[in-house]
Amino acid sequence: ICTPSDIIVYPDADHGFHADYRPTYNKKDADDGWKKLQEWFKQHGAA
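Those letters in the sequence shown? Residues 1 to 47, by the working numbering.
Source of the hints: derived by calculation from the structure; they are not laboratory data.
Everything hinted at is true.
Below, a list of computed lysine to any residue pairs in the SDA-like style, where the Cα atoms sit at most 25 Å apart:
#, residue 1, residue 2
1, K28, I8
2, K42, T3
3, K35, G45
4, K35, G16
5, K28, H15
Could you build all of it, start to finish, from the sequences and the hints given here?
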């Protein structure tokens, strides 16, 4: 199965930017990435 997807680069986000317990946490980018992930799951029947 071939499912279209996007690669999104957050230039201001370091490794671990989604882990809110790390100093590299970036709330703005983490929230945006989580929103995009949930939308992708809904669109492709994974949620």
